[in-house]
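Q: Okay, so the sequence shown: first residue is 1 according to the UniProt record's numbering, each after it adds one.
Derived by calculation from the structure, the hints in this document are not laboratory data.
Fair warning: there could be bad hints in the mix.
What the hints assert, rightly or not - No farther apart than 30 angstroms at their CA atoms in a straight line, the calculated lysine-lysine pairs in the DSS-like style are these:
1) Lys35 / Lys112
2) Lys87 / Lys63
3) Lys49 / Lys35
4) Lys15 / Lys35
5) Lys87 / Lys126
As the list claims (entries may be wrong) - Now the in silico label distances, taken between C-beta atoms and shown as ranges:
6) Glu33 / His200: 19 to 27 angstroms
7) Val202 / Met11: 20 to 28 angstroms
8) Asp19 / Arg56: 37 to 45 angstroms
Ideal Cβ positions, reconstructed from N, Cα and C, are used throughout, including at glycine.
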Amino acid sequence: MSYSNEWFKIMNEVKHFQDDNRYVWYRGINNSEYKLNSGMYREHHPTIKAYIAHERNRYEVFKRMGHLYLNEDDWSQLFVMQHHGVKTRLLDWTESFAVALYFALLNPIPGKEPVIWMLSPLRLNKLSLNKASFKSTNISYEDFFEVYIHQEQKEVKENELYHSVATYPLRNSSRIVAQHGMFTIQGAAGTPLEEEHDGHLVKEGSLKKIAIPEEVMRDAHSFLRQAGVSHFSMFPDLDGLSRHVNSL
Numbered sequence: 001m002s003y004s005n006e007w008f009k010i011m012n013e014v015k016h017f018q019d020d021n022r023y024v025w026y027r028g029i030n031n032s033e034y035k036l037n038s039g040m041y042r043e044h045h046p047t048i049k050a051y052i053a054h055e056r057n058r059y060e061v062f063k064r065m066g067h068l069y070l071n072e073d074d075w076s077q078l079f080v081m082q083h084h085g086v087k088t089r090l091l092d093w094t095e096s097f098a099v100a101l102y103f104a105l106l107n108p109i110p111g112k113e114p115v116i117w118m119l120s121p122l123r124l125n126k127l128s129l130n131k132a133s134f135k136s137t138n139i140s141y142e143d144f145f146e147v148y149i150h151q152e153q154k155e156v157k158e159n160e161l162y163h164s165v166a167t168y169p170l171r172n173s174s175r176i177v178a179q180h181g182m183f184t185i186q187g188a189a190g191t192p193l194e195e196e197h198d199g200h201l202v203k204e205g206s207l208k209k210i211a212i213p214e215e216v217m218r219d220a221h222s223f224l225r226q227a228g229v230s231h232f233s234m235f236p237d238l239d240g241l242s243r244h245v246n247s248l
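Given the sequences, and given the hints that come with them, work out the whole structure.
A: Below you can see the structure in the form of structure tokens.
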């Protein structure tokens, strides 16, 4: 069976975005109503200081109780925490459209439409850091707090807005490698990415959302099969294998 015209329209939209942006990241979400907030900022705390206190506490507890399983520097530990479900200020992205599509279709919600977000990470960093390059994660966790949260001040200013940046993570787990994983680090104010910089990323075409409507679901699943994407390829461990076997 051939792909539908509706699916070709989606693929052409992806191609046009790729042509207009030098380098593209993707994020698949199973609900079009969800904003581009990290897990940490999907919670509700009264102040920025409270968010940061929770963040630091989680980091320290994970480090203290998981020391038998960890041999990582502080940033690598944060990436590990994110991939094992701890709520951090990291937002997952991928270099692969197929991977994003897999996650968009995973765990469907009745009555909700999945979407794929496309981002120019270099353009984001140009707006946030005034340079079109990737943020190095060679600085320590403490330096991250001082420079990017406190902006070298000891007190967190409640009325200041610090923007998200795109970072290229250390490939320190099989899941990050398999999923072509990338991250944005959400700024201290917790503004969803699509609303940062007064929505400029969306307005200029450097951040775009594509809906995956019900009528193209068969096409989307066929595309994933052709691309060799499965539960096991995304989660190359026994849990992923078990899920793959159950889907056969």
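Q: Hint by hint, say whether it matches the structure.
A: Verification of the supplied hints:
1. Lys35 / Lys112: holds, 14 angstroms
2. Lys87 / Lys63: holds, 14 angstroms
3. Lys49 / Lys35: Cα-Cα ~22 angstroms, so holds.
4. Lys15 / Lys35: It holds: about 24 angstroms lies between the C-alpha atoms, which stays within 30 angstroms.
5. Lys87 / Lys126: holds, 27 angstroms
6. Glu33 / His200: 19 to 27 angstroms: holds, 22 angstroms
7. Val202 / Met11: 20 to 28 angstroms: At 21 angstroms between Cβs, range holds.
8. Asp19 / Arg56: 37 to 45 angstroms: holds, 42 angstroms
In summary, the structure agrees with every hint in the numbered list given earlier.
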